Amino acid sequence: MKPLNLSIAAMLFAISSLALAEGGGDRTFARAMEQNEKAMERYAAKQGKAAPVVQSYRYGMKLDIAKVVSITPPIKSCEVVPSRMTYEDSTGQLMTIEYQIMGQCRNNGS
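If you want the numbering used here, it's the 1-based position in the sequence shown plus 13.
Hints are computed from structural coordinates only; laboratory data are not their basis.
Check the hints yourself; a few may be wrong.
Each computed SDA-like pair below joins lysine to any residue, with the alpha-carbon atoms no more than 20 Å apart [unchecked claim]:
#1 Lys89 <-> Gln113
#2 Lys75 <-> Arg97
#3 Lys59 <-> Ala79
Remember, predicted model here, so these are calculated numbers, not experimental data.
Can you build the whole structure from these sequences, using the hints too?
Rendered as structure tokens:
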């Protein structure tokens, strides 16, 4: 009976830690996006340009990318997560696009 109780306790602990990880992941995403936005504002100020406004990517959207300035690093998650790319278009204007990517899932033990 004791091994069964230990197994149940371990399973409940694992499930509860996953629930907490999800909430922490949301904060991680928000913090990464906020840091990116501040970094791009500083970059724009150094370049003497207007800070880019974040646009959401829509399928089929035409992008005029002359130079990539920044891409947010992939977030460790087994879900689809937001990412941002800031770039200069052919006129030199800074643009930031937010899109969805698959997070870096590390559940296979590697």
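The hints, checked one at a time:
no.	hint	verdict
1	Lys89 <-> Gln113	14 Å, holds
2	Lys75 <-> Arg97	16 Å, holds
3	Lys59 <-> Ala79	19 Å, holds
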